[in-house]
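Student: Spelled out from the first residue to the last, the chains are:
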Amino acid sequence: MANIAAKRIKREFKEVMKSEEVAGGTIKLELVNDSWTELQGEIAGPPDTPYEGGTFLLEIKVPETYPFNPPKIRFMTKIWHPNVSSVTGAICLDILKDQWAAALTLRTVLLSIQALLSAAEPNDPQDAVVAKQYREDIQLFNLTARHWTNAYAGGPTVIWEFNQKVQVLQDMGVDEDQARVALSTFDWGLERATEHLFS
Amino acid sequence: MSAESDMEYSDNDGDDYDYYGEQDDCDMEAVDRTKSDPEYFLYTCLKVEEVEKLLNESIELLSNSLQITPSLAKVTLHAYEWNAQEIINKYKENANEVLVYSRVKSRAPVTQGGSSRSSCAVCANTPPIHKYSALACGHYFCNDCWAMHFEVQIMQGVSNTILCMAQDCELRAPEDFVLSHVTKPMLRDRYQQFMFKDHVKSHPELRFCPGPNCQWIFRAWVREGARRVECQGCELLTCFSCGAPHHAPTDCPTIRRWLTKCADDSETANYISAHTKDCPKCQICIEKNGGCNHMQCGACRHDFCWVCLGDWKSHGSEYYECSRYKEDPNLSSDSQHAQAREALKKYLHYYERWENHARSLKLEEQTLACLKSRINQKVMAGEGTWIDWQYLWDSAKLLKRCRYTLQYTYPYAYYMDNGPRKELFEYQQAQLEAEIENLSWKVERAETTDRGDLENQMDIAEKRRTTLLKDFLEFHTTSASSSKV
Chain A
1 MANIAAKRIK REFKEVMKSE EVAGGTIKLE LVNDSWTELQ GEIAGPPDTP YEGGTFLLEI
61 KVPETYPFNP PKIRFMTKIW HPNVSSVTGA ICLDILKDQW AAALTLRTVL LSIQALLSAA
121 EPNDPQDAVV AKQYREDIQL FNLTARHWTN AYAGGPTVIW EFNQKVQVLQ DMGVDEDQAR
181 VALSTFDWGL ERATEHLFS
Chain Z
1 MSAESDMEYS DNDGDDYDYY GEQDDCDMEA VDRTKSDPEY FLYTCLKVEE VEKLLNESIE
61 LLSNSLQITP SLAKVTLHAY EWNAQEIINK YKENANEVLV YSRVKSRAPV TQGGSSRSSC
121 AVCANTPPIH KYSALACGHY FCNDCWAMHF EVQIMQGVSN TILCMAQDCE LRAPEDFVLS
181 HVTKPMLRDR YQQFMFKDHV KSHPELRFCP GPNCQWIFRA WVREGARRVE CQGCELLTCF
241 SCGAPHHAPT DCPTIRRWLT KCADDSETAN YISAHTKDCP KCQICIEKNG GCNHMQCGAC
301 RHDFCWVCLG DWKSHGSEYY ECSRYKEDPN LSSDSQHAQA REALKKYLHY YERWENHARS
361 LKLEEQTLAC LKSRINQKVM AGEGTWIDWQ YLWDSAKLLK RCRYTLQYTY PYAYYMDNGP
421 RKELFEYQQA QLEAEIENLS WKVERAETTD RGDLENQMDI AEKRRTTLLK DFLEFHTTSA
481 SSSKV
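Protein sequence lines correspond, in order, to chains A and Z. 1 is the number of the first residue of the first sequence in UniProt numbering; add one for each residue after it. 1 is the number of the first residue of the second sequence in UniProt numbering; add one for each residue after it.
If you're looking for bench data, these hints aren't it; they were derived computationally from the structure. Since this is a predicted model, take the numbers as computed values, not measurements. The beta-carbon is built from N, C-alpha and C at its ideal position, and this holds for glycine as well. Watch out, some of these pointers could steer you wrong.
As the list claims (entries may be wrong) - Straight-line Cα separation of at most 27 Å, DSS-like style, residue types lysine-lysine; simulated pairs:
#1 97/A to 201/Z
#2 261/Z to 7/A
#3 131/Z to 10/A
#4 7/A to 131/Z
#5 132/A to 261/Z
#6 131/Z to 14/A
#7 97/A to 345/Z
#8 97/A to 261/Z
Stated by the list, open to error - Partner residues aside, some chain A positions facing chain Z, computed with beta carbon under 10 Å:
#9 3
#10 4
#11 12
#12 35
#13 99
#14 101
#15 102
#16 104
#17 108
Based on the provided sequences and hints, a complete structural model is requested.
Tutor: Set out below in structure tokens:
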């Protein structure tokens, strides 16, 4: 790994560790290996959003050319959000792409991702299905996102109706994640989700 | 050429090229050729060195008249699409505005101490103070980081638009700043190459020939409508306005729509819609594979009528009732099917003909090659000279040209609204097609056909082609219709 990259990451790691966000428990950063090429981030779901109370893990890969190229970051915790793929966790965020600047740091990036959870950009979607629901039925979107937060990120709100529907499909032999994706995609219509899964 | 661009070059002694372009006798020729060839378009093919010279002249002109560095001149020319005169005027009015617009100067005043020179914000090193540099925005970073930044950007193919490393800073690094930090000869070369490509792409009068590995560059002065330019190197026909293969009489937006339509499989959806219906009882998707309209659903055994989707029992023997019923506009789901089926039929009609002519063109390419070798053989055998057989060669070339236009009449017709104009177009198209097939037949049997007969056929086909183009090539129609009225 290039000298600058390792040096920068070490410094940024310290910066994050000393930051008030870590003290306040809203973000965390851990090393995955000794070579400073891979880290694991953790952000708390912002208050007054469907993600409140959940903790979301992020995979952070530092390229050889860092900081002249952006770090590669994706959600490891499944999340229902217009700008995050519900399947791969890939994030659509300008500063992780063409708006990256070498002077940006991991701390600013983590805070930007946290801000993305509070303010989605449905017109620049990563996941078209989620974005469509967000635009057309925001209430159902909020419920679905809350349910996902409960199921994957340890969020407190249990939505019994959704859990039951997932259970129905699981009883039919469907994998839990697949069942949840199908139900969420078809606005929790059990019939259409079933039809989709078995066609 | 506009008066503005006229000025741009008029005080340029070395620029013979443009000088001739402005000549009156040249314009006269253009007028004459426009009459005989509706696709006539004034353009030139230039080599890379010629274009470099052309660009350098603009850069020199600007840097001399405004007393700015050539590097700065390049940035502003790129930002203002090479309109030197506009830049000069605006610069004299408000120099600051030009620099801000070209993104070499910040709009907001430079904040001192925004970035310290005690340690570099990018690498966290603390080099001595003289090893820092910054663009006009005052964001100081160490020289090693600038060099790395430029290296990464150049390797990714960025040249004119490399930005400052600071967050949210939109300032672009001019050439002299980049080159003062990049030392590797390979990278400097790459940077210059990308820079040149970028300049040609941003120049409204220039376009690269899209042929594979082709080094020629077209220069023309009009950038709208279907404009034919032929490459001197690879003979590819290109539309100067949009860069797609030449497409008269179809215009640029239409051919783009057509090519995307042909490329994507959006028609699959139409196919499903046209050839399948959902069972009215269990909603399973059914493809009709026989002629009988009495359907029985394979899944739920429901008997129904394919045409009206009603229960078959209520049908009895009154089949024709049903066909009348179908025309009822209230049956929206059925009319949707009908519409999709119609749309598919229409698309396939045009697409098949378009494809067919494209294939014929390829085959005739082979004929052309055969013909060349046959003529060579004859000449070698002493049966006349090249000049005697020239007409054969010309006829095959003409056939290619006619067929090419014919191919591009199909997307045009596909997007045309119904009406007398479409009828006229399709009439002319049919006439052209008939004559082209005649010509093709005669060219294939050229050695046995009478020369006079062949030349006559060539004349007819070309006349049909030019008539169609004259009437329907967009920028000619506007002038033609106004003169008729």
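Student: The structure should be examined with respect to each hint, and the outcome stated for every one.
Tutor: Hint check:
| no. | hint | result |
| --- | --- | --- |
| 1 | 97/A to 201/Z | holds (24 Å) |
| 2 | 261/Z to 7/A | violated (51 Å) |
| 3 | 131/Z to 10/A | holds (23 Å) |
| 4 | 7/A to 131/Z | holds (19 Å) |
| 5 | 132/A to 261/Z | holds (25 Å) |
| 6 | 131/Z to 14/A | holds (26 Å) |
| 7 | 97/A to 345/Z | violated (44 Å) |
| 8 | 97/A to 261/Z | violated (30 Å) |
| 9 | 3 | holds (8 Å) |
| 10 | 4 | holds (5 Å) |
| 11 | 12 | holds (9 Å) |
| 12 | 35 | violated (18 Å) |
| 13 | 99 | holds (8 Å) |
| 14 | 101 | holds (5 Å) |
| 15 | 102 | holds (4 Å) |
| 16 | 104 | holds (5 Å) |
| 17 | 108 | holds (7 Å) |
Violation of the numbered hints given earlier is confined to hints 2, 7, 8 and 12; the remaining hints are satisfied by the structure.
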